[in-house]
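Just so you know, the sequences run in chain order A and B. So the first sequence is numbered by my numbering: it starts at 9 and just counts up by one. So the second sequence is numbered by my numbering: it starts at 3 and just counts up by one.
To be clear, the hints were calculated from the coordinates, so they are not data collected in a lab. Just so you know, not all the hints are guaranteed correct.
Pairs of lysine to any residue residues, derived as SDA-like cross-links and limited to a Cα-Cα distance of at most 25 Å, are as follows [to be verified]: (1) A:K280 with B:E131; (2) A:K245 with B:I88; (3) A:K280 with B:C126; (4) A:K280 with B:A170.
Next come the chains, spelled out residue by residue.
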Amino acid sequence: MDEREFEQRVARRIDQQSRGLGRFAPPRPPLGALIAHGEAPRVSARVRTPIGSIGLLALAGAIVLALGLASVNRPGPVATGRQTATPSASTTAVPSTRTSTASAVPNSTPVTTPLSGFKVLGSGSVVWADWAPDGRHLAIVFESETTGAASSVGIFDRGGAKLTTIDGAIFAWTGSDTYLLQRFDLDGTEHDSVGRLGSATEQPVKTGSVVAAPQWPSLPCVATDSNGAYDAWFGGKEAGPREGHAMACSPDLTRIAVIVVGDGEGTCGWLKVVRADTGATVREFRSVQLCSASAVVFSADGSKVLVGDVASILDVQTGRVVVLPGFAPYGAPSGIWLPDGRVAVADENGLVQAFGVDGVESPADLPQGRYLSISSTGVIVAIQDGAATTIEIDSGGVRRTIDLAVPPMPYPAWSADGRALVVVCGTETSVPASSPFDKPGSIYGEEAVLIEVP
Amino acid sequence: MRVIVTPVQVRGTERVVLGVAEFEALFVAGWEPVFRYCLSLTRQTDEAEETTAETFRRAYASWVEGRGPGGQPLAWLFLIARRIVIDRRRRHRLIGWLPLGSRDPAAEDPFRRSELWLWFEQLCRALPERQREVLVLRYHFDLPDEEIGRLMRLSPAGVRTLASRALAALRRQPEVMD
Chain A
9 MDEREFEQRV ARRIDQQSRG LGRFAPPRPP LGALIAHGEA PRVSARVRTP
59 IGSIGLLALA GAIVLALGLA SVNRPGPVAT GRQTATPSAS TTAVPSTRTS
109 TASAVPNSTP VTTPLSGFKV LGSGSVVWAD WAPDGRHLAI VFESETTGAA
159 SSVGIFDRGG AKLTTIDGAI FAWTGSDTYL LQRFDLDGTE HDSVGRLGSA
209 TEQPVKTGSV VAAPQWPSLP CVATDSNGAY DAWFGGKEAG PREGHAMACS
259 PDLTRIAVIV VGDGEGTCGW LKVVRADTGA TVREFRSVQL CSASAVVFSA
309 DGSKVLVGDV ASILDVQTGR VVVLPGFAPY GAPSGIWLPD GRVAVADENG
359 LVQAFGVDGV ESPADLPQGR YLSISSTGVI VAIQDGAATT IEIDSGGVRR
409 TIDLAVPPMP YPAWSADGRA LVVVCGTETS VPASSPFDKP GSIYGEEAVL
459 IEVP
Chain B
3 MRVIVTPVQV RGTERVVLGV AEFEALFVAG WEPVFRYCLS LTRQTDEAEE
53 TTAETFRRAY ASWVEGRGPG GQPLAWLFLI ARRIVIDRRR RHRLIGWLPL
103 GSRDPAAEDP FRRSELWLWF EQLCRALPER QREVLVLRYH FDLPDEEIGR
153 LMRLSPAGVR TLASRALAAL RRQPEVMD
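With the rest of the complex left out, here is chain B:
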């Protein structure tokens, strides 16, 4: 699926400063894709929602300062979202890796009670996170390998390697694709 949210804001080497109306268009078109991306990373709707809102808040602040996307707007939003997710994890990790109790705060998440969750759980058991992410960016958001590489701090060749490893792993576990 290709998501076109708004025209690229760079003409040649010139960065065009856009206004609130253009950002609003990006916001309207990008809210759900960014949420989907965040949910695929966090697998918790609460977290995904907070990250999505924070992504647009930061994106807007950059936008009005004339630091809008240099390429695909959606990839730019994903980059912001990804950094927020990683930053949150980095700060939470001290706590998150410790088994502090048996209560699972995400147990009431409606996503957890869906069939989709079961499928994603199956995928999570089959593939490490980075491989899942590269597949979602490639096959769902249709981002080119160069954009995925910028997002994941990989070379395009690294993206291809990661994707081919993921495909090879799924080939060994075809039931995930049933």
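Okay, chain A solo, but in the shape it has when bound:
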């Protein structure tokens, strides 16, 4: 079959199958109802999980109690000896039998005590929270309940007092009291402006201008990221659209870890590390197949990348891949780099283990939970999964727990000084365990909670 014939065959098949999609079209609502309704009306009913019921809270409480007891009674990790892994392109480290090591578990397990005092900063449909660079202000983005399109941004001070509300959909700090704001017209046209807290006026800007800022707060080196392409953010400028899903920035913001989905290879891809300024490839790891992304984290010097999805440490300099033992086939839902250069990785059950960069398990007493996060000062937070409402916080070996009313989502926003965090909490957060890259997620949080770490 020649190329023209094949194209015609593809065209027929695509057309035929796409027509079939019309079978699932809901009845067209009356135009008047559509226009009059503040939020786009749904014709077909969606079954929503009831949230916040007393029964659910009671169940959550029981689970928390059980988890709390399990945490208190959990034996310390078994210390294992360090074993030098054989350098190879891909290595699975094997834990050795027990011998004492220099980095042994502290003599006494930290006593876990309840931490009282958290503050609910706002409720509704919480999209995300982000601290100003100096940590004096906090922005929380809410999806509007009424329009389903416009959003608002609540600005809070460090203590959690609300200062003001700004209308806008995408918000990014550009300085300690300045911000970039993106709004959308009803037809989807974007408008960017910059503003200053306390000032009533905003200046319109074009996306990509030097006064703009990354619009994707979770990745400070990425300006935008959607639909399988991202714009890098380097030197105050966008570096044009590039293919791939930006996953992480190195701490010095010069490198980006990107998941690339190759032509004809479906929704799974591989990780490559690129220079933020030019997009030039520093290292590709084609042998590491990634079909979802649970945790991609650079080491402090940017020379290694921890990938939770495959529970592996990727060495950007050498291309070596060290597979952490015991996580196959599901990988690790989260992982962090500890201040001493080791990694801490949580498994599907929320059991946290530490490993050296050689992949050998290393004893450590860490807070337990499925999702780990670490602040700039080394405060570690472990968040459980599902209905559990307990967070474990480790600050310099002092272990505390905090019980929230609503289960927290696993992406706390840390203040610059690493002593305060905001977690978004919500019960309707389930998405497929392995989300294909192009599948949207689900549901916003219900409230944002400010926690101060003493």
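Add chain B to chain A, keeping to what the hints say.
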């Protein structure tokens, strides 16, 4: 398949402000194509339905302000729909990329239980999203490369490149077209 929904609302450089009746005609003719487009992007009927309704709500608000389509009305509606989809994804992404549990909220979707879903899944495994989208816009909605480019923020040459890559990939996996 070519979908003609309503005459172009631009005469020369003059934009003609149209009324509710004209929009109603666009709404009637465009509801299903917009839904099909949204479903091809989101692969969830709930999402597609919400996006379709939101698309027409926004389109109407623009229409009555005299900011109707400058070219093909269907492409204009697709542009609105696409921005809504991307915006939703952008906001959801923080959650969506995290494996927060094993429950799949779309598991009960009737689309998921259809043979069509299986075919689209196969196509999804074979082609990245942008390549799928360009094929659907080109071969199902019959949009010219210039319109597709405006929609996907690509040059017409970029559209052609994307399409030829998609075709090449499908040639390597002919079973998808069986």
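The hints, checked one at a time:
For the hint pairing K280 (chain A) with E131 (chain B), the CA-to-CA distance comes to about 19 Å; that is within 25 Å, so the pair holds. Annotation: proposed proximity of K245 (chain A) to I88 (chain B) holds, straight-line Cα distance about 22 Å (limit 25 Å). Using a Cα cut-off of 25 Å, the hinted pair K280 (chain A) and C126 (chain B) holds, with the two alpha carbons roughly 22 Å apart. For the suggested pair K280 (chain A) and A170 (chain B), the alpha carbons sit about 24 Å apart, so the restraint of at most 25 Å is met.
Violated hints: none; the structure is consistent with every hint.
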